Amino acid sequence: MTDTSAQIETFYDVMRRQGITRRSFMKYCSLTAAALGLSPSFVPKIAHAMETKPRTPVIWVHGLECTCCSESFIRSAHPLAKDVVLSMISLDYDDTLMAAAGHQAEAALQDTIEKYKGNYILAVEGNPPLNEDGMYCIVGGKPFVDQLKHAAEHAKAVISWGACASYGCVQAAKPNPTRATPVHKVITDKPIIKVPGCPPIAEVMTGVITYMLTFDRLPELDRQGRPAMFYSQRIHDKCYRRPHFDAGQFVEAWDDENARKGYCLYKMGCKGPTTYNACSTVRWNEGVSFPIQSGHGCIGCSEDGFWDQGSFYDRVTDLTQFGVEANADKIGMAAAGVVGAGVAAHAAVSALKTAQRKVQDNKKKEEA
Amino acid sequence: MSEQDTLPYPQSDLAVPLTGDATAEDLESLHDQTSIFVYEWPVRVWHWVNALAITILCVTGWFIASPLPSMQIAEATHQFVMGYIRFAHFAAGMIVTVGFFGRIYWAFVGNHHAKQLFYIPVWRKRWWKEVVTELRWYAFLEKEPKKYVGHNPLAQMAMFFFMTLGLSFMILTGWALYSEGTGQGSFADTMAGWVLTLFGNSQIVHSVHHLGMWFIVVFMIVHIYAAIREDILSRQSMVSTMISGTRSFKDRRP
Numbered sequence: 001m002t003d004t005s006a007q008i009e010t011f012y013d014v015m016r017r018q019g020i021t022r023r024s025f026m027k028y029c030s031l032t033a034a035a036l037g038l039s040p041s042f043v044p045k046i047a048h049a050m051e052t053k054p055r056t057p058v059i060w061v062h063g064l065e066c067t068c069c070s071e072s073f074i075r076s077a078h079p080l081a082k083d084v085v086l087s088m089i090s091l092d093y094d095d096t097l098m099a100a101a102g103h104q105a106e107a108a109l110q111d112t113i114e115k116y117k118g119n120y121i122l123a124v125e126g127n128p129p130l131n132e133d134g135m136y137c138i139v140g141g142k143p144f145v146d147q148l149k150h151a152a153e154h155a156k157a158v159i160s161w162g163a164c165a166s167y168g169c170v171q172a173a174k175p176n177p178t179r180a181t182p183v184h185k186v187i188t189d190k191p192i193i194k195v196p197g198c199p200p201i202a203e204v205m206t207g208v209i210t211y212m213l214t215f216d217r218l219p220e221l222d223r224q225g226r227p228a229m230f231y232s233q234r235i236h237d238k239c240y241r242r243p244h245f246d247a248g249q250f251v252e253a254w255d256d257e258n259a260r261k262g263y264c265l266y267k268m269g270c271k272g273p274t275t276y277n278a279c280s281t282v283r284w285n286e287g288v289s290f291p292i293q294s295g296h297g298c299i300g301c302s303e304d305g306f307w308d309q310g311s312f313y314d315r316v317t318d319l320t321q322f323g324v325e326a327n328a329d330k331i332g333m334a335a336a337g338v339v340g341a342g343v344a345a346h347a348a349v350s351a352l353k354t355a356q357r358k359v360q361d362n363k364k365k366e367e368a
Numbered sequence: 001m002s003e004q005d006t007l008p009y010p011q012s013d014l015a016v017p018l019t020g021d022a023t024a025e026d027l028e029s030l031h032d033q034t035s036i037f038v039y040e041w042p043v044r045v046w047h048w049v050n051a052l053a054i055t056i057l058c059v060t061g062w063f064i065a066s067p068l069p070s071m072q073i074a075e076a077t078h079q080f081v082m083g084y085i086r087f088a089h090f091a092a093g094m095i096v097t098v099g100f101f102g103r104i105y106w107a108f109v110g111n112h113h114a115k116q117l118f119y120i121p122v123w124r125k126r127w128w129k130e131v132v133t134e135l136r137w138y139a140f141l142e143k144e145p146k147k148y149v150g151h152n153p154l155a156q157m158a159m160f161f162f163m164t165l166g167l168s169f170m171i172l173t174g175w176a177l178y179s180e181g182t183g184q185g186s187f188a189d190t191m192a193g194w195v196l197t198l199f200g201n202s203q204i205v206h207s208v209h210h211l212g213m214w215f216i217v218v219f220m221i222v223h224i225y226a227a228i229r230e231d232i233l234s235r236q237s238m239v240s241t242m243i244s245g246t247r248s249f250k251d252r253r254p
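Residue numbers (full-length UniProt numbering), protein chains in the order written: chain A, 1 to 368; chain B, 1 to 254.
Everything labelled a hint here was simulated from the structure, so no lab data went into it. One thing to keep in mind: the hints can contain errors.
[Said to hold, decoys possible] Calculated lysine to any residue pairs in the SDA-like style (CA-CA distance at most 25 Å, straight line):
no. : chain 1 : residue 1 : chain 2 : residue 2
1   : A       : Lys-238   : B       : Gly-200
2   : A       : Lys-363   : B       : Lys-143
3   : A       : Lys-330   : B       : Ala-51
4   : B       : Lys-146   : A       : Ser-311
5   : A       : Lys-330   : B       : Val-217
6   : A       : Lys-353   : B       : Gly-102
7   : B       : Lys-143   : A       : Asn-362
[Said to hold, decoys possible] Covered stretches of chain B (in silico footprint by chain A; criterion: 3 or more residues with CB under 8 Å from a CB of chain A, positions within the stretch not fixed):
no. : stretch
8   : 45-54
9   : 75-85
10  : 115-122
11  : 199-206
These figures come from a predicted structure and were not determined experimentally. All C-beta atoms in this analysis are idealised placements derived from N, C-alpha and C, irrespective of residue type, glycine included.
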């Protein structure tokens, strides 16, 4: 980072230039520390980093996606998305958030790659479709997969925003006609951070960026490459309705008495027990609510292949591999039924055969 | 033909120590019966503990996937219906795990019959021949089954696929699901957490663990039927062998 640092302002420089007082700056640092779950002793460290470190250039590219990640991102409250975009990072290319358009925008992308080779972060929203040479997603007249590979070549690290970039999401759901492919299966030689969710929580997105700027390293990742601080526990583990789960008190039907009492949504197919995300702690829209709090089960949007796990409203997944719609219980009961009937028939034949042999033996004895 | 003539020894000699309703025929068959000690006590204890634990696992597992109707016994804080069901499931799962490792240990230190569960001798021509014979016996094409000290080849195959492979699969996926609750970095996560990553989505692990239960249920049906049927129709004891450890043979023919 040393050779380019002269060209880029530090975070603090930018903030002061924007008329932010030192006092507000320190407040911001302590809020950020709190949002990342760090102790107060980290506040001066964050402040120091902000004062001395150059802003990190970020290239934000868009493949097959719905822009819900961007929509979520700009609603971040701690830190404010405005602070992230204007003060913390140098968002040099993001076709939905930048003023430039067309050839100008593409030129900005090329400039950034040239200028900050090996020092910029590549944020990917959406994924590249690989069928038909990637023709299902064209950016600036070229397949998105080419832009992605080109931008990733000199990136320091890659952030996979959302379920699309991390796992494929709806466009990769079976039968995946465009062969939409998650980023880590196309870019294999760069450190990749997956921030899944459809969309990811705003504070999780800005939190990940803040962490990377503050400590100049990737956050600790779990086995699947997700930041452990946000994705190490299930929705279920921190759900405020968990006591009703343990008690065995469930919503049995939509709008029943139990639903009004706020019982557990497990029987309504809630995927909280299989979904790793921070919704039940960080929540959404400045901590206002999250799906379960509004009375609907979690649909597991931050999990791999969540569109292919059967209905959002079934706890036991339909297994389409068996041609007809069936789940583990129906298949199991059918198998047990067939085997049980087979056993009964076999037992009956065994008894008849044995009786028959006895009769024959007795006859032989009599004859002898 | 009188019964006196068929006996190779004077009837009176043996009738003396026998009590109850012993007849001359009883005496005859008494001389034909032999028995061999097969299953040592750890094998037998494992069998019954395992059977009980698996039954508990099937029932509680069913109610974890499809919970009982909601109950209003007390305030949620003091009511623990689902909690107890899950506790029973996890506890039985631990017992199966420990038992399985104990059983593997016994395969090394126990007698050679204790090893039969863990392999199938596919390289032995004679074993395959006996598989066919056994299949013919179950298809009513053989008049008489062969005698076996340990498992017959068909039973050995079933044990290997359903128990050695099936139980390993259930233990592994079970611990993987358990690790979701104990959290990253926990013992369960270190040992089996990678299974979740292997399948990608833990919902899939739930599904295959669920299918595995039915795999075991199918085995239970066949196993219990075959054991009782063989006990009646074969030339050797079955059910009592797993209680006493002794295999008794009903006749002297080879």
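Here's how the hints hold up against the structure:
Our distance criterion of 25 Å between C-alpha atoms is met by Lys-238 (chain A) and Gly-200 (chain B), whose separation comes to about 22 Å. Only pairs whose Cα atoms come within 25 Å are accepted, and Lys-363 (chain A) paired with Lys-143 (chain B) is accepted, the gap being roughly 17 Å. Under the criterion of a C-alpha separation no larger than 25 Å, the hint pairing Lys-330 (chain A) with Ala-51 (chain B) is consistent with the structure, at around 24 Å. Of the supplied pair hints, the one linking Lys-146 (chain B) and Ser-311 (chain A) is violated, its CA atoms being roughly 52 Å apart against a limit of 25 Å.
A C-alpha spacing of about 13 Å is found between Lys-330 (chain A) and Val-217 (chain B), which places the hinted pair at or below 25 Å, so the restraint holds. Only pairs whose Cα atoms come within 25 Å are accepted, and Lys-353 (chain A) paired with Gly-102 (chain B) is rejected, the gap being roughly 42 Å. Between Lys-143 (chain B) and Asn-362 (chain A) the CA atoms are separated by roughly 16 Å; this keeps the pair inside 25 Å, and the hint holds. Residues of the stretch 45-54 of chain B lying with their CB closer than 8 Å to a CB of chain A number 0, which falls below the three-residue condition for coverage.
Counting residues of the stretch 75-85 of chain B whose C-beta lies closer than 8 Å to any C-beta of chain A gives 8; at least three are required, and the coverage claim holds. With a cut-off of 8 Å between beta carbons, the stretch 115-122 of chain B has 0 residues touching chain A; three or more are needed, and the interface restraint is violated. Taking a C-beta to C-beta cut-off of 8 Å, the stretch 199-206 of chain B contributes 6 residues in contact with chain A, enough for the three needed, and the coverage statement holds.
Hint check: violations occur at hints 4, 6, 8 and 10; the rest are consistent with the structure.
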